[in-house]
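**Student:** Keeping the supplied structure of chain A fixed, place chain B upon it in accordance with the hints.
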Amino acid sequence: MMLRHLHAIALAALLATAAEAQQRPIFDPDDQVDPRQHGDALFISRLALGAGTDVVDDYRPFHSDAGFLLFTNSLYWKRIQFDYKHSKVLGINDKTELQSCGCQHPIYFPTPPAPDSTPAPPPASSRETLQFGWYYSVPGRATEPPVVLRLRLTGSRQSIDTVIRSFPTQQVVERRSGREHSFGIDTDTYFRIGRHNVWGELFYARTARSGTTDNRSQNELAYISRFPAWAVGPLLVRAMLTVGAVSNRGAAGLNVVNPAFEAFWHLTASRANLHLVWSPQSTRSGNGGWETHQQIALFADRALYVHLFGRSTPSADTAR
Amino acid sequence: MLRLRIILGVFGFVACTSLALAQASGHHLTAEMIDITLEPAGPCDHVSAVSVVMNKDESTSFRAVQDKSDPCHWTATRPTFYVESMIFSLRLGSARTQCKVAQGSAATRVAKLTFRCCRTGARQVDLETTPEMSVKYIRSVPADLDVEEGSVPCEEEYRYSGQPVIIQSVWFPREAFDSKLERAQEVSSLRPVETVRIRLGYPDSPSLILNHASFMRRIDPKTNTLSAAQILLAHQEQRSKGISSMPEGFSVAADDAEWKELIKTLRLKSVKVLVK
Chain A
1 MMLRHLHAIA LAALLATAAE AQQRPIFDPD DQVDPRQHGD ALFISRLALG
51 AGTDVVDDYR PFHSDAGFLL FTNSLYWKRI QFDYKHSKVL GINDKTELQS
101 CGCQHPIYFP TPPAPDSTPA PPPASSRETL QFGWYYSVPG RATEPPVVLR
151 LRLTGSRQSI DTVIRSFPTQ QVVERRSGRE HSFGIDTDTY FRIGRHNVWG
201 ELFYARTARS GTTDNRSQNE LAYISRFPAW AVGPLLVRAM LTVGAVSNRG
251 AAGLNVVNPA FEAFWHLTAS RANLHLVWSP QSTRSGNGGW ETHQQIALFA
301 DRALYVHLFG RSTPSADTAR
Chain B
1001 MLRLRIILGV FGFVACTSLA LAQASGHHLT AEMIDITLEP AGPCDHVSAV
1051 SVVMNKDEST SFRAVQDKSD PCHWTATRPT FYVESMIFSL RLGSARTQCK
1101 VAQGSAATRV AKLTFRCCRT GARQVDLETT PEMSVKYIRS VPADLDVEEG
1151 SVPCEEEYRY SGQPVIIQSV WFPREAFDSK LERAQEVSSL RPVETVRIRL
1201 GYPDSPSLIL NHASFMRRID PKTNTLSAAQ ILLAHQEQRS KGISSMPEGF
1251 SVAADDAEWK ELIKTLRLKS VKVLVK
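So the sequences go chain by chain: A and B. This note's numbering applies: residue 1 is where the first sequence begins, and numbers increase by one. This note's numbering applies: residue 1001 is where the second sequence begins, and numbers increase by one.
Read the hints as simulated data drawn from the structure, not as lab findings. Model, not experiment: these values are computed from the prediction.
Which residues of chain B face chain A? A few of them, derived with a C-beta cut under 10 Å, are:
| # | residue |
| --- | --- |
| 1 | V1141 |
| 2 | E1194 |
| 3 | T1195 |
| 4 | P1206 |
| 5 | R1217 |
| 6 | L1232 |
| 7 | R1239 |
| 8 | S1240 |
| 9 | I1243 |
| 10 | P1247 |
| 11 | E1248 |
| 12 | A1253 |
| 13 | D1255 |
Covered stretches of chain B (chain A as the covering partner; in silico rule of three or more C-beta atoms under 8 Å from a C-beta of chain A):
| # | region |
| --- | --- |
| 14 | 1142–1154 |
| 15 | 1196–1205 |
Calculated pairs, SDA-like style, for lysine to any residue (alpha carbon to alpha carbon, straight line, at most 25 Å):
| # | chain 1 | residue 1 | chain 2 | residue 2 |
| --- | --- | --- | --- | --- |
| 16 | A | K78 | A | D28 |
| 17 | B | K1260 | A | G39 |
| 18 | B | K1222 | A | L235 |
| 19 | A | K78 | B | W1259 |
| 20 | B | K1056 | A | V138 |
| 21 | B | K1264 | A | F309 |
| 22 | B | K1260 | B | T1225 |
Glycine residues also receive a C-beta, built at the ideal position from the N, C-alpha and C atoms.
Bound conformation, chain B alone:
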């Protein structure tokens, strides 16, 4: 009986491994290099650094290397990955791209990506909480086929690894800035590129939209901070505008639940927000 089980087990393992290998070689392209082209040639000359976000994971982004002969051409090497199952996007310092699936080549084992450069101005945002607590952020990027052919919707997440939390190349709508803050010079597009939500303390705590006027307006320009009370007010305003995935309303119960969580349980004092 035991022998039969061992034989069946070995047979199953061999069958699964063969199937996986067949799939890998036959139907799924693998690659070890990412080849990035930015178009058109003119604007991409200004890009001095390219960070690649792969598999919708912001916390493991990595740098690409510029081709010495072609400033619009960048490459990066990675451990072997399946090309079709990966979604990529780029952080270009003052801009970000949509999300895309790469084109694979079985012969060269290179994943090719072409992005239009550079649709919108963006800023780096550094976040620091007092006291230190876990901060997660989620970037929701809709597809925009008019701007980026072949773009796909994606949701990129960051896992907390210490403070300050640096969010690269955040797109801001023009109305997110007011006279208290230095107005972004390159905030050019009125079409939404992304929504960046932050979560303080718990992984499932309410998410607060960062690149929205209700948040940015409340930053004290002298100290670059939002007090815990201002955070609650920003949440309240976002709920009242119906942009928190709930019916719009003045839910006093939601305000109280958040006060209890952020101020009484997490003892949040303030969040420092540097927009660079």
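In isolation and in its complexed conformation, chain A is listed as follows:
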């Protein structure tokens, strides 16, 4: 009975996401914190800055190199995590500039991608993201501590301003204030094969654009397999593999294969972290078939402010 209720809740949560989320940007670092690790609560404010080649936004390539900035505020309280994230892709137009023929049924230039093609990403305006995470425990191996996994809801919003000019006169004939909403749910996964733990992440997201000349939406369902890192001198190196499906691009079934490799270096003196990510992302559309984008990103992040609530300096004999 209990199990049936849980299934119903999970299904309802999945269906409720028929609003809008988003694959995490390549420059958004991992931020899980074991609730057993902090006292009452933990607050962290963080800045990440970097640049990348052949940047892709949510399986939609910019066909361009770009910089990026991410500012996050995270509050961890007991088993709950709240995040507010402000991000911006730099070096790419932050509004859409189109030209219109002035016909009765206007035709816009550049012409938006066809429905069975990979959609264009939104312009590089700033994106606001809210996240709610909940940590839960599942049994680990016998004698091992319980394993803590996270379930997270993500909602984000981005404004899309469009300026339309008349093709012959170049005069502004229309301005549109559109937006893109995204909503998603993701959960860590854990199972065991023999002596090996298998870690991963399953996510579903829906992204929809409105108030633009190219209103598109897409649903994403993907599994990310995370492999254990290995140490190479001061670096930690890891591999991940994402496989999934994205809708509304004329290619049903599996149409995303995305291995990724990340080198991570914690700089002890400055407490900054350097990340180098190579993420060759292959996506398939009905019109273009398989395309691969070689995303390479180099970015640094550092906590600007960290506060632990409910932790005071204990005396040496606290646990005696």
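**Tutor:** Just chain B now, with coordinates in the frame of chain A:
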């Protein structure tokens, strides 16, 4: 009314006591002596001291006495205990055993234990923090029926009582040592025997696996210490390998939380680690 309550109270007390006594005498065997046999005879001749961990409590371990006529036979006396509810394991100096429940005898009031000797080489580890702070450790030992018949999984804990913290007979996997440290001569088994986790400062602070290469590799061979920064890096590496009971990852938030706790709040400078 008061009289009725007193009568009911006395009746309840008598009933509970009778039930407890009946259980103790009828279904639960008690013992006051622990009788330990190490098998096979050859290797156990080399064991010079046996420490017994009872009830998964490392901080109250006690010594057993060797039988003068049989070097593989050891005994220890304890205040009366229920045999079935106790889990035992042994520290044999250069080895440790799995965990087991003893066989009781109602007639002799002796708890009998037989352990195979001596599966893996082990080392004593002494820990000292600067400044002094509470150190807890937890030893997770899976059952291994191939090696020790009747073994059960157990988690043995140590409550802090001062420094240095001495961890007896710690099993190390071969890869835990590198050329900087003297390689353990008797680190023989590739099958995991135990995971030893330490907690610094708070009883609920993050646990760091001690018998792992990510920890051992960072010990400065000249001073036998790990700086606070090295402790953080060891934590980070263990998280990235998915051995910290969390999904593997480069969680920068977890790193910062730990930095705040260990370095800013506890003011940890270093941990001296002597592996003997």
